[in-house]
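Colleague: One-letter residues, chain by chain:
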Amino acid sequence: MAFKHVNKGVRRVDAYEKVTGKAKFGADLEFANMLHAKVLRTEYPHAEIEKIETAAAEGMPGVRGVFTAKDIPNNLFGVIVQDQQVLADKKVLLAGDGVAMAVAETEAQAAAALEKIKVEYRELEGVFDPLESRKEGALKLHPEKDDNQVIHHPLRKGDVKKGFAEADVILEREYTTQFIEHSYLEPEAVVVVPNEENHLVSVYGSIQNPYATRNAVSAVLEVELAEVRVIQNHIGGSFGGKDEVVSAMAARAAVMALKTGRPVKMVNSREESFTESYKRHPYHLTYKIGATKEGKLTAMEIAAVADSGGYACQTPFVTWRSVVQATGPYEVENVKTDTYGYYTNNPYTGAMRGYGSPQVIFAQESLMDELAAELGLEPVELRKRNMYSQGSVTASGQKLERHTVSLNEVMSKAMEAIDYKKKYEEYSREQPGDKKKGIGLSISFRGCSLGAEAIDAAASVIQINKDGSVAVYSGLAENGQGLKTIFSQIAAEVLGVPMSEVEFKELDTSFTPDSGSTVASRATLIGGNAIKDAAEKLKGRIMDFAAGKYDFKIDQLELKDGFLYDGQGNRLATFADLTGEMGNTGILMSAYGWYKSPPISWDEEKGSGNPYFTYVYGCQIAEVEVDTGTGELSVLNMAAAHDVGRAINPENVKGQIYGGVMMGLGYGIMEELEVRDGVIQGTNFHDYMIPTIKDMPDIKPVIVENPDPDGPFGAKSIGEPTLELGSAAIANAVAHASGRRIRSLPLNLERVLIGRALHKGGK
Amino acid sequence: MAKLEVEITVNGEQHKLKVGSQERLLDTLRDELKLTGTKEGCSVGECGACTVIVDDQAVNSCLVLTAQVDGSEIITVEGLESKSGLHPLQKAFIEKQAVQCGFCTPGMLMSALALLNTNPTPTKEEIKTALEGNLCRCTGYQQIIDAVEMAAEEWGV
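So the protein lines, in turn, are chains A and B.
The first sequence begins at 57 in my numbering and counts up one residue at a time.
The second sequence begins at 508 in my numbering and counts up one residue at a time.
If we strip away everything but chain A, and leave its shape as in the complex, we get (with noise of 0.2 Å):
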């Protein structure tokens, strides 16, 4: 099929406002009268508040108002769960909490007054481990529930007792990961204004998802959704970063907004960022795999328990998709998964880039070697005898059969782009002196859009002018990624029109429908459908005018280029006169666009059912280089090669892999945010260290299509499935190069020198 506009390099519709410095963001954004606010935080992660004092804050200069949780009309709100505190009220749960907030005529006279507010504390014992938080009589964090657990997903397939009975050999093993901070370059940002356009509040600023923060606002403020608008400004990224954290401070911002009849701005600094926001889930992992001498699966028992920390979050939804990955590609006749989130007095956990997969990951394909080293068989080899091919049954019992299983592929491919098979006969090989190279590659699985966790659907509207020009409107979040760019080119791939007629205006949850959140990689899939729906639409009445007009019979009529032509290459109309035409006559130019993905199944008891209409494949290789006298560890290349059904931008996949793979080797061999009793050590990037240019290594991107029956043009996803493979792939090139198996998230010197952690609790 030739495309004109899908499939192609464009560039992005958003570049010029970025590399001008146009573009606005939340912390850009001012208004008449505007007043800046701050939040006093607490330091303590498990404490009783007995008083606090916030007369002498109310008195300094230039304050505005000085407010506790006594002022908020609904102090909890929540995605899933509705046990997060806008403030808190009688206890804070972690270090971090909001206790108090100052607005002010300026940003410095809003943190003046925050050091005269006094707080009294009673302390508590804290939780900080959540293998202790699940024991019997462990001290309860929410009182109002039966124990510590958050959420507990089990899967069954099989009998795992006659599994392991069959089995040659039976590995059993341990790994953790540790907490991550999204670490988006811009700290966030709202401006809230009230009575503004028929509405009590407008929410501005660096939102990754427009709806759950109107939900939010609407909750805490205990008025209709209808009062509430959030128009998404530019956001500085996210990767699953910007939701509760940003919705708390829209709360807390709007409250102050209706308390003083005055737009309240607030923006973290990266300090406060840090301390407030949530983090990628640490897990602990005990794998239990056997398998015959051949090299065939019997049996997996797996017990995942995840950190939720003070709150439940997305807790409930990132071990969910957890429990679906947990085995990996591979075809088990006998599974028993269990996933679980502990509250803690750590800092709470949510979204983040992966969901729950990143940690099964590491662990299932660190295991995948180990078994492979056990048995005698080369890692590739031990895969090819068990992962996923056209119609394999996975571990909750469904049959991959309406898209392309494409592992063998992606492996190969990934092979042959950096060279696997030499490099890994090569490296194979006694190597002489202390540095050592070996490779490794892991391969993943991986579900598209939200799956069984809740409804996916998702809306569009797209307007015509009368001059022919394209207005679009999504109701999912442009968060970086190039969602305005790839959305523009569906539209204008189906009504024939050039780029520049395309305008992706922003996101007005008062003028789209809501569609959800623009997470799980569900915005190319489920938008880019609902994009195509309303286009369609659009065509479908031009194509019916033009019929009657020209007295052709629509199969001959072609839209093009900004012309109408017949079907012998012959221009009968501009788009914008025969659009005009038709908006004179009265139809309307205007359409929603909808879509709501195919019908998927869970069962919750079980484990069972179809948890995801469709599934993306990837598989990513390192290469690396360990000095054994030293600990210091380099990776030098790495391929990436992912089926995404149909590149919709291939320049963009190709930026997101990128991406992707190097917030992964963040997370594989740097990364680790330090939480000693629930406090973090270190609050700014000084501490805490994310790839820079010089740790890159050589990437090599392979985009695989097979278009997708439910994709528009046949797209899926990309975003994920690009960072939760390379730290298992790293960790398994480390164990090639040096022998030493590392089973504890980062690969940072003292583990690929020692083997473990040096610092207090390290493993």
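Simulated from the structure, these hints should not be mistaken for lab results.
Treat the hints with caution; some may be incorrect.
To be verified - From chain B, some residues computed to sit far from chain A (all C-beta separations above 12 Å): (1) Ala-509; (2) Leu-511; (3) Ser-591; (4) Pro-627.
Said to hold, decoys possible - With a straight-line cut-off of 27 Å between C-alpha atoms, the simulated DSS-like cross-links for lysine-lysine are: (5) B:Lys-598 <-> A:Lys-750; (6) A:Lys-218 <-> A:Lys-493; (7) B:Lys-598 <-> A:Lys-492; (8) A:Lys-80 <-> B:Lys-541; (9) A:Lys-750 <-> B:Lys-541; (10) B:Lys-598 <-> A:Lys-491; (11) B:Lys-590 <-> A:Lys-80; (12) B:Lys-635 <-> A:Lys-756; (13) A:Lys-78 <-> B:Lys-541; (14) A:Lys-492 <-> B:Lys-631; (15) A:Lys-750 <-> B:Lys-635; (16) A:Lys-64 <-> B:Lys-525; (17) B:Lys-598 <-> A:Lys-60; (18) B:Lys-631 <-> A:Lys-756; (19) A:Lys-493 <-> B:Lys-631; (20) A:Lys-561 <-> B:Lys-598; (21) B:Lys-635 <-> A:Lys-561; (22) A:Lys-756 <-> B:Lys-541; (23) B:Lys-510 <-> A:Lys-78; (24) A:Lys-315 <-> A:Lys-344; (25) B:Lys-598 <-> A:Lys-493.
As the list claims (entries may be wrong) - Restraint ranges, calculated between C-beta atoms of paired labels, are given here: (26) B:Glu-661 <-> A:Val-225: 55 to 61 Å; (27) A:Glu-171 <-> B:Leu-511: 22 to 28 Å; (28) A:Asp-145 <-> B:Leu-511: 54 to 60 Å; (29) B:Gln-529 <-> A:Glu-228: 57 to 63 Å; (30) A:Lys-561 <-> B:Glu-661: 30 to 36 Å.
The beta carbon of each residue, even a glycine, is placed where N, CA and C say it ideally should be.
Assemble chain B onto chain A, guided by the hints.
Modeller: Coordinates of chain B only, in the frame set by chain A:
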């Protein structure tokens, strides 16, 4: 607090300002001159989002006091585009898809500009060294390197 009088040239325009002795150049640019293209990401000189050019050198404007740069010539991202159109670096960043969320972009452009002004034919390693102080969490840096290489080629023409 006593205010200090400073004169700075920003993107070719002269400004006489009265600033506090502790006022950071970043705040002067963003709050006084309303040049919000320059971003604040960490406030401690680690992320590079606030990079501007002061007398041909790329600096973190969060670490510089405005009073220190009295008499200096400053270029911010807003100074790149001219009547004749986009700067080659801007064109290259668009062409090579070197922009995702765009928050690091102004700082990246400034560091790249300082490099190309002194070294119009940088090697890949020299580009990496020049951009080492600019963090990007979206792009993985590859397309940014591609863009700087492309701009350098045009520079030579």
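Colleague: Is the hinted pair A:Lys-561 and B:Lys-598 satisfied, with a Cα-Cα distance of at most 27 Å?
Modeller: Holds: A:Lys-561 and B:Lys-598 sit about 23 Å apart, inside 27 Å.
Colleague: Are the Cα atoms of B:Lys-598 and A:Lys-60 separated by 27 Å or less?
Modeller: Holds - the C-alpha atoms of A:Lys-60 and B:Lys-598 are around 23 Å apart, at most 27 Å.
Colleague: Need the status of pair B:Lys-590, A:Lys-80: alpha-carbon distance at most 27 Å?
Modeller: 22 Å, holds
Colleague: Does A:Lys-493 pair with B:Lys-631 here, judged by a C-alpha cut-off of 27 Å?
Modeller: 24 Å, holds
Colleague: Given the range 22 to 28 Å, decide if the beta-carbon distance of A:Glu-171 to B:Leu-511 lies inside it.
Modeller: Between A:Glu-171 and B:Leu-511, where Cβ atoms are some 26 Å apart, the hint holds.
Colleague: Compare the distance between the alpha carbons of B:Lys-598 and A:Lys-750 with 27 Å, and conclude whether the hinted pair is satisfied.
Modeller: Satisfied, since the Cα-Cα distance of roughly 24 Å is no more than 27 Å.
Colleague: Hey, B:Lys-635 versus A:Lys-756, does the alpha-carbon distance stay inside 27 Å?
Modeller: 18 Å, holds
Colleague: Would you say the C-beta atoms of A:Lys-561 and B:Glu-661 sit inside 30 to 36 Å of each other?
Modeller: 33 Å, holds
Colleague: Starting from B:Lys-598, check that the Cα of A:Lys-492 is at most 27 Å away, please.
Modeller: Measuring from Cα to Cα gives roughly 42 Å; hence the hint is violated.
Colleague: Does the structure keep A:Lys-80 and B:Lys-541 at a Cα separation of 27 Å or less?
Modeller: Holds - the C-alpha atoms of B:Lys-541 and A:Lys-80 are around 12 Å apart, at most 27 Å.
Colleague: A:Lys-492 and B:Lys-631 were given as a pair; does the straight-line alpha-carbon distance stay at or below 27 Å?
Modeller: Satisfied, since the Cα-Cα distance of roughly 25 Å is no more than 27 Å.
Colleague: Please confirm whether B:Pro-627 is truly not at the interface, meaning its C-beta sits more than 12 Å away from all C-beta atoms of chain A.
Modeller: Holds, because the least Cβ-Cβ distance between B:Pro-627 and chain A comes to about 20 Å, which exceeds 12 Å.
When the structure is compared with the earlier hints, violations turn up for hints 6, 7, 9, 10, 16, 21, 22, 23, 24, 25, 28 and for no others.
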